[in-house]
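Chemist: Starting from the known structure of chain A, arrange chain B on it as the hints suggest.
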Amino acid sequence: NAGVTQTPKFRILKIGQSMTLQCTQDMNHNYMYWYRQDPGMGLKLIYYSVGAGITDKGEVPNGYNVSRSTTEDFPLRLELAAPSQTSVYFCASSYLPPGPQHFGDGTRLSIL
Amino acid sequence: GQQVMQIPQYQHVQEGEDFTTYCNSSTTLSNIQWYKQRPGGHPVFLIQLVKSGEVKKQKRLTFQFGEAKKNSSLHITATQTTDVGTYFCAGPTNTGNQFYFGTGTSLTVIP
Numbered sequence: 001n002a003g004v005t006q007t008p009k010f011r012i013l014k015i016g017q018s019m020t021l022q023c024t025q026d027m028n029h030n031y032m033y034w035y036r037q038d039p040g041m042g043l044k045l046i047y048y049s050v051g052a053g054i055t056d057k058g059e060v061p062n063g064y065n066v067s068r069s070t071t072e073d074f075p076l077r078l079e080l081a082a083p084s085q086t087s088v089y090f091c092a093s094s095y096l097p098p099g100p101q102h103f104g105d106g107t108r109l110s111i112l
Numbered sequence: 001g002q003q004v005m006q007i008p009q010y011q012h013v014q015e016g017e018d019f020t021t022y023c024n025s026s027t028t029l030s031n032i033q034w035y036k037q038r039p040g041g042h043p044v045f046l047i048q049l050v051k052s053g054e055v056k057k058q059k060r061l062t063f064q065f066g067e068a069k070k071n072s073s074l075h076i077t078a079t080q081t082t083d084v085g086t087y088f089c090a091g092p093t094n095t096g097n098q099f100y101f102g103t104g105t106s107l108t109v110i111p
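Here the protein sequences come in this chain order: A and B.
The opening residue of the first sequence carries number 1 in this note's numbering; numbering runs sequentially from there.
The opening residue of the second sequence carries number 1 in this note's numbering; numbering runs sequentially from there.
Derived from the structure by calculation, the hints contain no laboratory data.
Values in this document were obtained by computation on a predicted structure and should not be read as measured data.
For each residue, glycine too, the CB sits at the ideal point set by N, CA and C.
There may be inaccurate statements among the hints.
Straight-line Cα separation of at most 25 Å, DMTMM-like style, residue types lysine to aspartate or glutamate; simulated pairs [stated by the list, open to error]:
#1 B:Lys-36 x A:Asp-38
#2 B:Lys-36 x A:Asp-26
#3 B:Lys-36 x B:Asp-83
Okay, the calculated beta carbon distance ranges per label pair [to be verified]:
#4 B:Thr-28 x A:Gly-53: 27 to 37 Å
#5 B:Ser-52 x A:Ser-84: 35 to 45 Å
#6 B:Arg-38 x A:Pro-61: 47 to 57 Å
#7 A:Ile-12 x B:Ala-68: 41 to 51 Å
Only chain A is shown next, with the shape it has when bound in the complex (with noise of 0.2 Å):
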């Protein structure tokens, strides 16, 4: 079982830039989060998904934009990155809540 898998591992963009980062599991959970986690710092949630065709936000939203289109993926979108956008992002999924997360191996972002 791959879990969740998130592409890519690392990326610099310039400032102003867009990208998605890309997020997929195979375990059939509904529920899915987007996380960022500054240096030294916990986690906060950007966005999340209780199921296909539903996304709602999250502590921190400003910048991102999210779809869930299948059960499978989540991805999340940048348009103009920002310095402040520098971050390690996390995808994490949970059959249900309050149940277990887990977690993706991250994707560590650089805006320069």
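Modeler: This is chain B only, laid out in the frame that chain A set:
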């Protein structure tokens, strides 16, 4: 808004010493989860506590949920170098769809 605080932020111990991290919520929690993140890795689920006053053990790790369901603790007995990492608690929002993660406690074990 809901907040989940953890103390201490950092802890350095000699191998073989005990370690405890504390998690406090500003609101009553329906449950609390604990995760471990190794340096450079991703959070890995350890355990979930649901009942008031609940105590669960995993080998050298003891997890406790407070009577008022607003605080929790993780205690490691006789630390080993494999215990190195950051330990996070996480509590759900009122809807249960989201989780607030604590700030984490980074554990360093000195051999």
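Chemist: For every hint, state whether the structure bears it out.
Modeler: Now the hints, each set against the structure:
1. B:Lys-36 x A:Asp-38: The hint holds at about 16 Å.
2. B:Lys-36 x A:Asp-26: Status holds; Cα separation ~23 Å.
3. B:Lys-36 x B:Asp-83: Between Lys-36 of chain B and Asp-83 of chain B the Cα gap is close to 9 Å, so the pair holds against 25 Å.
4. B:Thr-28 x A:Gly-53: 27 to 37 Å: Given a distance of about 32 Å, which is inside 27 to 37 Å, the answer is holds.
5. B:Ser-52 x A:Ser-84: 35 to 45 Å: holds (40 Å)
6. B:Arg-38 x A:Pro-61: 47 to 57 Å: Violated: the Cβ-Cβ distance is about 28 Å, outside 47 to 57 Å.
7. A:Ile-12 x B:Ala-68: 41 to 51 Å: Given a distance of about 47 Å, which is inside 41 to 51 Å, the answer is holds.
Hint compliance for this structure: hint 6 alone is broken.
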